[in-house]
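Asker: Following the hints, put chain B in place on chain A, whose structure we already have.
Below are the chains, spelled out letter by letter.
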Amino acid sequence: MTNNFILTYLLLIPILGSILILFLKEEQKKFIRWLGLLFSLLAFAASLAAYFMFNSSKAEFQLIHKQLWIKSLNISYHVGIDGISLILVLLTTFITPITLLSTWKSIDKNVKMFTFSMLLLEAGMIGVFISLDLFLFYIFWEAMLIPMYFIIGIWGGERRIYASIKFFLYTMFGSLLMLVAIIWLTVYASNQFGSFTTNLLDLYKIAPFVPKQIQSWMFFAFFLSFAIKVPIFPLHTWLPDAHVEAPTAGSVILAGVLLKMGTYGLVRFCLPLFPQSAVQYAPVISMLAVIGIIYGALVSMVQPDMKKLVAYSSVSHLGFVVLGIFAMNVEALQGAILQMINHGLSTGALFLLVGIIYERTHHREIEYYGGIAKIVPIYSTILMIVSLSSIGLPGLNGFVGEFLILLGSFKSLVLNSWWYTIFAATGVIFAAVYLLWMYQRVVFGFVKNNNLYQELTDVNSRELITLIPILLFIVWIGIYPSTFLNITEESAQSLLKNITVYTYDFLK
Amino acid sequence: MPSNISEYTYLMPFIILGSSIIVSIIIEITSKKSELILPWISIISFFILSLYSLFNIKHHLVLFNGMIEVGGKASIFNFIFNLGALLVTVSSIDYIKKYGTYYGEYYILIQSSVLGMMIMAAASDIIMIFLGLELMSICFYVLAGINRKKLTANEASMKYFLLGAFATGFIVYGIALIYGSANSTNISYIVSNFSSLIKNVIFVTGFILFLIGFSFKIAAVPFHMWVPDVYQGSATTITGLMSTIGKTAAFSVLILALSAVFILNAPNTFRVYFAVLSTLSMLLGSIIAISQNNMKRMLAYSSIAHAGYMSIGLAAGNIESIAGIIFYLAAYSFINLGAFGVISIIEGENDSRTDIDAYAGLNSKNPLLAALMSLFMFALAGIPPLAGFFGKYYVFLGAIEANLTWLAIIGVISSLISVYFYLRVVIYMYFKESTQSILINSSPFSLASVIISGLFVLLFGIAPDLLMNIITTALK
Chain A
6 MTNNFILTYL
16 LLIPILGSIL
26 ILFLKEEQKK
36 FIRWLGLLFS
46 LLAFAASLAA
56 YFMFNSSKAE
66 FQLIHKQLWI
76 KSLNISYHVG
86 IDGISLILVL
96 LTTFITPITL
106 LSTWKSIDKN
116 VKMFTFSMLL
126 LEAGMIGVFI
136 SLDLFLFYIF
146 WEAMLIPMYF
156 IIGIWGGERR
166 IYASIKFFLY
176 TMFGSLLMLV
186 AIIWLTVYAS
196 NQFGSFTTNL
206 LDLYKIAPFV
216 PKQIQSWMFF
226 AFFLSFAIKV
236 PIFPLHTWLP
246 DAHVEAPTAG
256 SVILAGVLLK
266 MGTYGLVRFC
276 LPLFPQSAVQ
286 YAPVISMLAV
296 IGIIYGALVS
306 MVQPDMKKLV
316 AYSSVSHLGF
326 VVLGIFAMNV
336 EALQGAILQM
346 INHGLSTGAL
356 FLLVGIIYER
366 THHREIEYYG
376 GIAKIVPIYS
386 TILMIVSLSS
396 IGLPGLNGFV
406 GEFLILLGSF
416 KSLVLNSWWY
426 TIFAATGVIF
436 AAVYLLWMYQ
446 RVVFGFVKNN
456 NLYQELTDVN
466 SRELITLIPI
476 LLFIVWIGIY
486 PSTFLNITEE
496 SAQSLLKNIT
506 VYTYDFLK
Chain B
636 MPSNISEYTY
646 LMPFIILGSS
656 IIVSIIIEIT
666 SKKSELILPW
676 ISIISFFILS
686 LYSLFNIKHH
696 LVLFNGMIEV
706 GGKASIFNFI
716 FNLGALLVTV
726 SSIDYIKKYG
736 TYYGEYYILI
746 QSSVLGMMIM
756 AAASDIIMIF
766 LGLELMSICF
776 YVLAGINRKK
786 LTANEASMKY
796 FLLGAFATGF
806 IVYGIALIYG
816 SANSTNISYI
826 VSNFSSLIKN
836 VIFVTGFILF
846 LIGFSFKIAA
856 VPFHMWVPDV
866 YQGSATTITG
876 LMSTIGKTAA
886 FSVLILALSA
896 VFILNAPNTF
906 RVYFAVLSTL
916 SMLLGSIIAI
926 SQNNMKRMLA
936 YSSIAHAGYM
946 SIGLAAGNIE
956 SIAGIIFYLA
966 AYSFINLGAF
976 GVISIIEGEN
986 DSRTDIDAYA
996 GLNSKNPLLA
1006 ALMSLFMFAL
1016 AGIPPLAGFF
1026 GKYYVFLGAI
1036 EANLTWLAII
1046 GVISSLISVY
1056 FYLRVVIYMY
1066 FKESTQSILI
1076 NSSPFSLASV
1086 IISGLFVLLF
1096 GIAPDLLMNI
1106 ITTALK
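Listed in order, the protein sequences are those of chains A and B.
Each number in the working numbering corresponds to the 1-based position in the first sequence with 5 added.
Each number in the working numbering corresponds to the 1-based position in the second sequence with 635 added.
Chain A with its partners taken away, still in its complex shape:
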């Protein structure tokens, strides 16, 4: 098989950019910012190139590049994409330049290190989505923690140290157990094949035959790691802290891409590697997802802090994604993947918008604001559109994803009950409550605080440039989702087909 280098270039572009930045001086702030933006845009261009080279009518992995890396353990540098990875790679490369642009003014301390960390983080995230070797995946998954840790810890808010270490320890806890499971799998593979392997495509063939009880343990180890990252209900407590303390760019990346790594992991590893366990535990996990949907929404409702409100809404939205994944039919899975993108766009945009007024007033409490529609009309309009998209108004992106998930979970054979759907649907209503209520208190009414007249100015052109592309996609996905659903359809179908093969008895 011939190697295709496009994904490797995609991975190397941000790394190259970060290395170049290392040689610049802190004083050349402007140049560093532009260089960072340039390389993130180049990465976006490379991912677009990958999109055009990708054939979405085929289900298998494409654009593969495989190169033996560690011979003694038979570990390869092995990258490739299917539709699911492609769309998440596109999301990553799309969000990164936007976040870099959004911090143009707000981050003035240590710009060099910030841009360096952002580019490395981007490379790490891309690596997670394109790895086809479990070991390689693990390396990206862990290595990516370091830049995020610095981003929260250096440029974060008051309790940044607490938040950064909590983020690090939580994620590390899950992933270390996953490491044991990965090693166990390679040893199991060596008993089957006669040599170690961490090649995902090979493991797909043998992992489902791991004895049932051990398979449950393996599934649990992988699931825990991803569940912490998503986060699924009882494991979510790191998220509000990390989101609130992180700088705007960090929150956008966290919400936009990092959380998706958890759900991506569920789709890519938990389901196909351990299908029987996945089917067996699907009802329990879906229940946790539904609890998360309602719990996240209820907690959002009472938050006095806008950023915290948006953070908790993530718990709720990702509950939908998890529900969609474990409903295990094409509609729900497609909806879940689309919802990952939607959440990245809408919540990312919400964080950007909160960041924009925070930059001006240094207040995030809802109480501080009121009646800002008169002062900043354009801002208020954009906030309206984004809020509505997050609520799931038909015609905007959120609706399509949530509708597909609810539809799929309703008729899911694995879950085999309507109650999941019924309770999940209330989450949509609650979303309307907390977001519209927040909107009402912040934007409408009398101008509460005379300081606002001096402090607030409407969005400037740089901020518009960061927001307009997101708005464009919010409307695009809402009106014509097929563009995006087509990318993932074949991959989602073949993934589910494989699961059905292994769990046929169970489902019958």
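The set of hints was computed from the structure by calculation and includes no laboratory data.
The beta-carbon is built from N, C-alpha and C at its ideal position, and this holds for glycine as well.
Nothing false has been slipped in among the hints.
Reference listing, derived: stretches of chain A covered by chain B, where coverage requires no fewer than 3 residues with Cβ under 8 Å from a Cβ of chain B:
1) 149-156
2) 180-190
Only some residues are given here: those of chain B computed to face chain A with a beta carbon under 7 Å:
3) Leu-1032
4) Val-1047
5) Leu-1051
6) Pro-1099
Answerer: Here is chain B on its own, set in the frame of chain A:
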């Protein structure tokens, strides 16, 4: 009587180092400028020896009627010893200048201790092991107290000596019992009769005493009491030497002692011993390190924890885990030498600035040093793709292959605990503002040594095969 004159040519490394020690002593006696000359003599001989051992890995021979082995495993250990000692010597140049306490024997003792280690790694007779061990240990006792006017250094030296002598007592008694039951001190004889000897209670008692003695030397719980005080009190460069290649030497003997298990697949009767030892070391080391504010003390407890990770490999007892232990030892040596190098640069007079507070805001004062220190901390925590991660990976792989998954799980839990205190250093360096206004002296040699360690940490992380291939060739 020399059995064969050509056997002496294979003793080249020992002869080179031995003559370098003698030359150093003569220069120290005759010249007044020995401070300028001695480090370079050590550096040159260490450099030659590390290259020599690297190229002689394939020439595996047993010499002098089974007293000494050269090539193979001995070579890879010699490589680690000499490279480590080289880095220590380079950073010592600045450190000694800073303290203004130069004693001629410093470099000579380092060379002698390395000679002792080389004998330990090359020994194939229990008596040779003992000779090497004593040569190394006695040099360490003196080196620990090399700052003779410092009270803590004297305390460290005294404690180390007393407990070290105590451990040696165990070893000697063990050797006596082994000899009494096996009628030989030759290791290959003992290895080939291991299965029958293991039924003899006297042999087992002797062997366990021997293992306990070396458990002292690798600083494993419950034989770790000396470690924190000695590591904290000794000169920082010497702490680096003891905690890395000193530990490596002790491990080389443990690997040799268990070679019957590794090579002949004899039943690993001592698995429980090592499993308990490693569980205790990992957990206790990691948990106590959390509350340490002194960097050297924190790294002392971390070194206890790392001895625990390595002992997992001894409990697993398969060829993968042996390769894993050696990889881990090499990786750990470079990481720790780098970390102690940074500490020695930051350190002020009279033990000042060895507390974690001194690292606050280091990034704004010296970004390079802060970046290197975080590299070492992340590597110790086992974050991929750095050398420390692969060490753990190989050892855990061996453990899971030997059906010791529970031990690997304890290993990862303890790694998680240890992340907290390693990251604490990073927090101080990057997230906190400096409270003291201190200037960090630019010390070119120390910095060079730290940078070289850092490069190795990165290199073995990105291309672990480079080292792993050498190790697997050596073990064949």
